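Residue numbers (the working numbering), protein chains in the order written: chain H, 1 to 237; chain L, 238 to 474.
Since the hints were made in silico from the structure, they are not lab data.
Any given hint could be a false lead.
[Stated by the list, open to error] Okay, the calculated beta carbon distance ranges per label pair: (1) W102/H - D289/L: 39 to 47 Å; (2) E65/H - E386/L: 36 to 44 Å; (3) N183/H - E379/L: 30 to 38 Å; (4) W102/H - E397/L: 28 to 36 Å; (5) S458/L - D72/H: 26 to 34 Å; (6) P83/H - D309/L: 20 to 28 Å; (7) R423/L - D54/H: 20 to 28 Å; (8) N183/H - T436/L: 51 to 59 Å; (9) R212/H - V426/L: 16 to 24 Å; (10) E35/H - P320/L: 22 to 30 Å; (11) T402/L - D54/H: 22 to 30 Å; (12) P225/H - G277/L: 39 to 47 Å.
Predicted model, so just to flag it, every value in this text is computed and none were measured.
Don't be surprised by glycine CBs; every beta carbon is placed ideally from N, CA and C.
Number of protein chains: 2
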Amino acid sequence: MVYTSDYPIFSVTVDVVALTISSDTLCALVVRRGEEPHRGRWALPGGFVHVDEDLAPAAERELLEETGVRVDALEQLATYGAPGRDPRGRTVSVAHLAVIPWAPEAQSGSDAADVEWRPVTTLLRSRQLAFDHRTILADGVERARSKLEYTNLATRFVPELFTITELRAVYDVIWGSELDPGNFHRKVVSGTDGFVEETGERRVGGAGRPARLFRTGPAASLNPPLTRSGQMRGPRR
Amino acid sequence: MVYTSDYPIFSVTVDVVALTISSDTLCALVVRRGEEPHRGRWALPGGFVHVDEDLAPAAERELLEETGVRVDALEQLATYGAPGRDPRGRTVSVAHLAVIPWAPEAQSGSDAADVEWRPVTTLLRSRQLAFDHRTILADGVERARSKLEYTNLATRFVPELFTITELRAVYDVIWGSELDPGNFHRKVVSGTDGFVEETGERRVGGAGRPARLFRTGPAASLNPPLTRSGQMRGPRR
DNA sequence: ACAAAAGTGTTGAGCGTACACCCATGG
DNA sequence: CCATGGGTGTACGCTCAACACTTTTGT
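Using the sequences provided together with the hints, build the complete structure.
Written out as structure tokens, the structure reads:
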């Protein structure tokens, strides 16, 4: 089919920065490109928006088609539309952020040669990403970092039932911090009401005293926020 | 000219939420539509992106062309792409936020029948805006509100040289607060270094002790942030 | 009993709100 | 002189980082 228009033609694509934590490392989902341009390089999952489709559903669909990863909610990040960002023509890409609990094994998808979770530090250090996807990834990671402060975003990195220590691990991995376990526990549990909800259950099996299991509470925003700077572990000076 | 494409055709537009403060009221810039659809209704300034043009420059250009308002920096807000949001066809709009110092008189532009600064409360209460521009405006105002907390955005609502009281008025108008003059002064001047810079000059003419004049400092982010909840004027209980 | 992890108590420093009060100008 | 707005001083209360300590399990 060939489409025609009186106005300049743009293709609109969606790209997804899908983040998770795998073996104490923040990882992003990338697919190896099977076609030109940038054949063989890694790229964020994404693709063209259909004519009758809204942006967020398109992002969900592309993520599922290319990687097999299903996600319920995903948040718009920003839109990238520099002329020349895609050699095939004028495309505008609406980037989205998706957070995936813990470390699900990457599944191969339909129209991508290869799918992998790779550490973001590696992806950002090198130039292995196609198009302007390195910029998009960097923006997505920065967004996640700052949303940890004042939203319950961290709870979306852990399974449905989680311990406070697991939640703290999310902060430590993403911020590169080493938060004080005691203070963190208090802030999260008693601080802002509804951030986490206690289930009656406890985690069994691990060493030491069994931890209580929580689930995500109704409160989406944290008051007061958790701070990146303060609350580090270290000598009192 | 007629354009053709193998992919679904989108038109990409930019819309601008331009905010300023006029007689103690937060106002947005709107243009009266001279053409169908929505002829005669108010709309945010905006229009189609050119083929070889990046998004932010397109927004600046449209703002200038339609309203005569020139702006240097403007920030991307979000992208709106629901099918059916524009009856002419499938359009995706990238919304931007612009902040204009104080109250410049609205100038008439070239291809808009009428241009006006109107209070955002009025615009948001009624359904007088075309397309989904009411949603876009609401999102833009909310963004401004929250960026006052942790960035120097407030300084862009005032002239190049301003007094601390004028800066406080920006917060009071946009937040609907009544911040304590003394505490605000201290927080802004001594608190975060570089938020505002002292010029040697003073404001002459007004009643009372002449106020020192400041200009915007280099620091773009506020540490610690100004809080919306705290610092109100009111009885100690 | 011991190790290990979860969770609680405590304390001192620092910050922010709510004011009281002084300063500098115009009328 | 007074009125008006600019700006500083200060005290009380609260929060929070630091870290000691208790609790609860596995081995």
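Here's how the hints hold up against the structure:
1. W102/H - D289/L: 39 to 47 Å: 45 Å, holds
2. E65/H - E386/L: 36 to 44 Å: Since the Cβ atoms of E65/H and E386/L sit about 39 Å apart, the hinted range of 36 to 44 Å holds.
3. N183/H - E379/L: 30 to 38 Å: Given a distance of about 32 Å, which is inside 30 to 38 Å, the answer is holds.
4. W102/H - E397/L: 28 to 36 Å: With a Cβ separation near 51 Å, W102/H and E397/L fall outside 28 to 36 Å, so the hint is violated.
5. S458/L - D72/H: 26 to 34 Å: The hinted range 26 to 34 Å holds for S458/L and D72/H, with Cβ atoms some 32 Å apart.
6. P83/H - D309/L: 20 to 28 Å: The hinted range 20 to 28 Å holds for P83/H and D309/L, with Cβ atoms some 21 Å apart.
7. R423/L - D54/H: 20 to 28 Å: Once the Cβ atoms are compared, 48 Å apart, the range 20 to 28 Å for D54/H and R423/L is violated.
8. N183/H - T436/L: 51 to 59 Å: Between N183/H and T436/L, where Cβ atoms are some 43 Å apart, the hint is violated.
9. R212/H - V426/L: 16 to 24 Å: 46 Å, violated
10. E35/H - P320/L: 22 to 30 Å: Because 27 Å falls inside the window, the suggested range holds.
11. T402/L - D54/H: 22 to 30 Å: With a Cβ separation near 46 Å, T402/L and D54/H fall outside 22 to 30 Å, so the hint is violated.
12. P225/H - G277/L: 39 to 47 Å: Holds, since P225/H and G277/L (Cβ atoms, about 45 Å apart) stay within the stated range.
Of the numbered hints listed earlier, those contradicted by the structure are 4, 7, 8, 9, 11.
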